[in-house]
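*Asks:* Chains A and Z are the protein sequences, given in the same order.
Residues 1 to 133 in this note's numbering are what the first sequence spells out, letter by letter.
Residues 1001 to 1133 in this note's numbering are what the second sequence spells out, letter by letter.
Worth flagging that the hints you see were computed from the coordinates, not collected in a lab.
All values derive from a computational prediction rather than experimental measurement.
Keep in mind that the hints are not guaranteed to be accurate.
[To be verified] 30 Å max Cα-Cα, derived DSS-like pairs, lysine-lysine:
(1) A:K94 to A:K84
(2) A:K61 to Z:K1082
(3) A:K84 to Z:K1094
(4) Z:K1061 to Z:K1082
(5) Z:K1094 to Z:K1061
(6) A:K94 to Z:K1055
(7) Z:K1055 to A:K55
(8) Z:K1084 to A:K61
(9) Z:K1055 to Z:K1082
(10) Z:K1084 to A:K88
(11) Z:K1094 to A:K82
(12) A:K55 to Z:K1094
(13) Z:K1055 to A:K88
(14) A:K61 to A:K82
(15) Z:K1082 to A:K55
(16) Z:K1088 to A:K55
(17) A:K88 to Z:K1082
(18) Z:K1061 to A:K88
(19) Z:K1094 to A:K94
(20) Z:K1084 to A:K82
(21) A:K84 to A:K61
(22) Z:K1094 to Z:K1082
(23) Z:K1084 to A:K94
(24) A:K84 to A:K55
(25) Z:K1088 to A:K84
Number of protein chains: 2
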Amino acid sequence: MLVQIDFDSDEAIYQQLCNQIILGIACSQFQEGDNLPSVRELAEDIGINMHTVNKAYAILKQEGYLTLDRRRGAVIAVDTDKYKASEKLMDEMKLVLAQAICKGVSLEEIHEMVDRIFCEIIAENGGRKEKNE
Amino acid sequence: MLVQIDFDSDEAIYQQLCNQIILGIACSQFQEGDNLPSVRELAEDIGINMHTVNKAYAILKQEGYLTLDRRRGAVIAVDTDKYKASEKLMDEMKLVLAQAICKGVSLEEIHEMVDRIFCEIIAENGGRKEKNE
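So that you can see chain A by itself, here it is in the shape it has in the complex (with noise of 0.2 Å):
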């Protein structure tokens, strides 16, 4: 499993292995059913510890992104209620949108900047898109 943590960064590591999950779901890298690595066999290869795993898959279940079971470990499963994710969504997305006013981006540049990485990611491994088609 291809996950890149930044040690050095002000971000906490389940949240970045959150992230690059949830990044990696985006890009089909990995797919619906899929099994994810145990939690001991990731701690071990990115050299953390078992709890930080933990956390990140627990909170991945917790947010509809995977299903973890004893026997099974941690599968891909997505839970596409879109009214429920959406607030979420529209928290982090307020969040996003909040620092840009701050910083003079225009409502038109999001717009742009919103196509180029929707595009970026859908393109990154074929994209979630072609699998389901």
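Since the structure of chain A is provided, determine the placement of chain Z on it from the hints.
*Replies:* Frame of chain A; chain Z shown alone:
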């Protein structure tokens, strides 16, 4: 100062404080040149540790939202260098979009979300834009 901290949230308190101040600047609750409360004052008001406020102010300084002066304290001073801001914005936007893609939110729906939230922020307190006009 209107700051609402959710002590039950998973999000670190210094991060919540940073976010609230950034939102406050975006909607012109705080304007260029405004003094923020002293570290001691804010810590006492919210009922949090002074180190937490210090950490939030230091991050906001580093990200170009305020200056810290021994005599004047924390003063809103936004560095509107778009190029410096854009890398962080792009990273955060990428994460929001990755979540949206995973959850099956379309590009069109994201653009609508951006329009809606952008207008909400600007309208919240008269908006930074109005101030500059």
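*Asks:* For each hint, tell me whether it holds in the structure or not.
*Replies:* Status of each hint after checking the structure:
Distance restraint check for K94 of chain A and K84 of chain A: the Cα-Cα separation of roughly 17 Å lies within the 30 Å cut-off, and the hinted pair is therefore satisfied. Distance check on the hinted pair: K61 of chain A and K1082 of chain Z sit about 36 Å apart at the alpha-carbon level, beyond 30 Å; violated. As the CA atoms of K84 of chain A and K1094 of chain Z are separated by approximately 20 Å, the hinted pair is consistent with the 30 Å bound. As the CA atoms of K1061 of chain Z and K1082 of chain Z are separated by approximately 16 Å, the hinted pair is consistent with the 30 Å bound.
A C-alpha spacing of about 24 Å is found between K1094 of chain Z and K1061 of chain Z, which places the hinted pair at or below 30 Å, so the restraint holds. About 22 Å separates the Cα atoms of K94 of chain A and K1055 of chain Z, which keeps this hinted pair within 30 Å; it holds. For the proposed pair K1055 of chain Z and K55 of chain A, the alpha carbon gap of about 24 Å is at most 30 Å, so the pair holds. Between K1084 of chain Z and K61 of chain A the alpha-carbon distance is near 35 Å, which puts this suggested pair outside the 30 Å criterion.
Restraint check: the Cα-Cα separation between K1055 of chain Z and K1082 of chain Z comes to about 24 Å, which is no more than 30 Å; the hinted pair holds. Annotation: proposed proximity of K1084 of chain Z to K88 of chain A holds, straight-line Cα distance about 27 Å (limit 30 Å). Proximity of K1094 of chain Z to K82 of chain A is assessed by CA-CA distance (about 18 Å); at most 30 Å being required, the pair is judged to hold. About 22 Å separates the Cα atoms of K55 of chain A and K1094 of chain Z, which keeps this hinted pair within 30 Å; it holds.
For the hint linking K1055 of chain Z to K88 of chain A, the alpha-carbon distance of about 25 Å falls within 30 Å, and the restraint holds. Of the pairs offered as hints, the one joining K61 of chain A and K82 of chain A holds, with about 16 Å between alpha carbons and a cut-off of 30 Å not exceeded. Between K1082 of chain Z and K55 of chain A, the direct Cα distance comes to roughly 35 Å. Violation of the 30 Å bound is thereby established for this hinted pair. For the hint pairing K1088 of chain Z with K55 of chain A, the CA-to-CA distance comes to about 25 Å; that is within 30 Å, so the pair holds.
Taking the CA atoms of K88 of chain A and K1082 of chain Z, the gap is about 26 Å. The hint holds against a cut of 30 Å. With a C-alpha separation of about 27 Å, the suggested pair K1061 of chain Z and K88 of chain A falls inside the 30 Å cut-off, and the hint holds. Of the pairs offered as hints, the one joining K1094 of chain Z and K94 of chain A holds, with about 14 Å between alpha carbons and a cut-off of 30 Å not exceeded. A threshold of 30 Å between alpha carbons decides the hint, and for K1084 of chain Z with K82 of chain A the separation of about 33 Å lies outside it, so the pair is violated.
For the proposed pair K84 of chain A and K61 of chain A, the alpha carbon gap of about 14 Å is at most 30 Å, so the pair holds. Restraint check for K1094 of chain Z and K1082 of chain Z: satisfied, since their Cα atoms lie roughly 17 Å apart, inside the 30 Å limit. For the hint pairing K1084 of chain Z with K94 of chain A, the CA-to-CA distance comes to about 20 Å; that is within 30 Å, so the pair holds. For the proposed pair K84 of chain A and K55 of chain A, the alpha carbon gap of about 21 Å is at most 30 Å, so the pair holds.
This hinted pair checks out: K1088 of chain Z and K84 of chain A have alpha carbons roughly 27 Å apart, not beyond 30 Å.
The earlier numbered hints that this structure contradicts are 2, 8, 15, 20.
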